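Residue numbers for the sequence shown follow this note's numbering, beginning at 134 and rising by one.
Just so you know, these hints were derived from the structure itself, not from any lab.
Bear in mind the structure is a predicted one, so any value in this text is a computation, not a measurement.
Positions of the beta carbon are idealized from the N, C-alpha and C atoms, including for glycine.
Just so you know, not all the hints are guaranteed correct.
[As the list claims (entries may be wrong)] Okay, derived cross-link-like pairs now, DSS-like style, lysine-lysine, Cα gap no bigger than 25 Å in a straight line:
(1) Lys181 / Lys171
(2) Lys171 / Lys190
(3) Lys196 / Lys181
(4) Lys196 / Lys184
(5) Lys199 / Lys184
[To be verified] Distance ranges between label pairs, derived from CB positions:
(6) Lys151 / Asn175: 43 to 49 Å
(7) Lys155 / Asn175: 26 to 32 Å
(8) Glu160 / Glu182: 48 to 54 Å
(9) Tyr162 / Ala192: 32 to 38 Å
(10) Asp183 / Ile153: 43 to 49 Å
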Amino acid sequence: GVDQLEGRLVEYREREVKYIEKIRTLELYRASNLDSIKTLTNEVETLKEDKDVVDGKLARLLKSSKDLENIIESQSILAEDQNKDTSTSEDVASPNPPKSFVKFVKPKDSQPESKSKELETPKKSQVKYPEQN
Numbered sequence: 134g135v136d137q138l139e140g141r142l143v144e145y146r147e148r149e150v151k152y153i154e155k156i157r158t159l160e161l162y163r164a165s166n167l168d169s170i171k172t173l174t175n176e177v178e179t180l181k182e183d184k185d186v187v188d189g190k191l192a193r194l195l196k197s198s199k200d201l202e203n204i205i206e207s208q209s210i211l212a213e214d215q216n217k218d219t220s221t222s223e224d225v226a227s228p229n230p231p232k233s234f235v236k237f238v239k240p241k242d243s244q245p246e247s248k249s250k251e252l253e254t255p256k257k258s259q260v261k262y263p264e265q266n
């Protein structure tokens, strides 16, 4: 009977050693996973900050794009008005001088002179085409 109990005791001790090793391995995995979670959490925070910056830039670009569309639309309307004025009464000078295009640009949205000339040039040439027909 004592030999049988000693045999069982040896078995239990061997199992205990295996369980302790498994527990240590699992604890290492847990620590590694916690480190990974911290790293990923930091990356998410960084990405959120980057996203906020990009969202701000996108909002400014969309506003600028809308402002440019409004400027182009107002120039198109002016060009059409000038076309109508010149086709109905050729003797009367146009009430809108060519530099009136610049007046529709808000001070905060104004562009360097070279860019504003680039915008004006195509519009002026569009006005001339109907007159040449």
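Check: Lying within 43 to 49 Å: is that true of the beta-carbon distance lysine 151 to asparagine 175?
Finding: 37 Å Cβ-Cβ, so the 43 to 49 Å window is violated.
Check: Is the Cα-Cα distance between lysine 196 and lysine 181 25 Å or less?
Finding: This hinted pair holds, its Cα atoms lying about 22 Å apart.
Next item on the list: Would you check the hint for lysine 199 and lysine 184, treating anything up to 25 Å between C-alpha atoms as holding?
Entry: 22 Å, holds
Check: Holds or violated: are the alpha carbons of lysine 181 and lysine 171 at most 25 Å from each other?
Finding: 15 Å, holds
Note to self: Tell me if the beta carbons of aspartate 183 and isoleucine 153 are separated by a distance inside 43 to 49 Å.
What the structure shows: The hint (43 to 49 Å, Cβ to Cβ) holds, given that aspartate 183 and isoleucine 153 are roughly 45 Å apart.
Note to self: Checking one constraint from the list: CA of lysine 171 to CA of lysine 190, max 25 Å. Satisfied?
What the structure shows: Violated, at roughly 29 Å.
Margin query: Can you confirm whether the C-alpha distance between lysine 196 and lysine 184 stays at or below 25 Å?
Written below: Holds, at roughly 18 Å.
Checklist line | Verdict for lysine 155, asparagine 175 (Cβ pair) under range 26 to 32 Å | finding: Holds - the Cβ-Cβ distance for lysine 155 and asparagine 175, about 31 Å, lies within 26 to 32 Å.
Margin query: Taking the Cβ atom of glutamate 160 and the Cβ atom of glutamate 182, is their distance within the range 48 to 54 Å?
Written below: 34 Å, violated
Note to self: Verify the CB-CB distance for tyrosine 162 and alanine 192 against the hinted window 32 to 38 Å.
What the structure shows: The hinted range 32 to 38 Å is violated for tyrosine 162 and alanine 192, with Cβ atoms some 44 Å apart.
Taken one by one, the earlier hints fail for this structure at numbers 2, 6, 8, 9, listed in ascending order.
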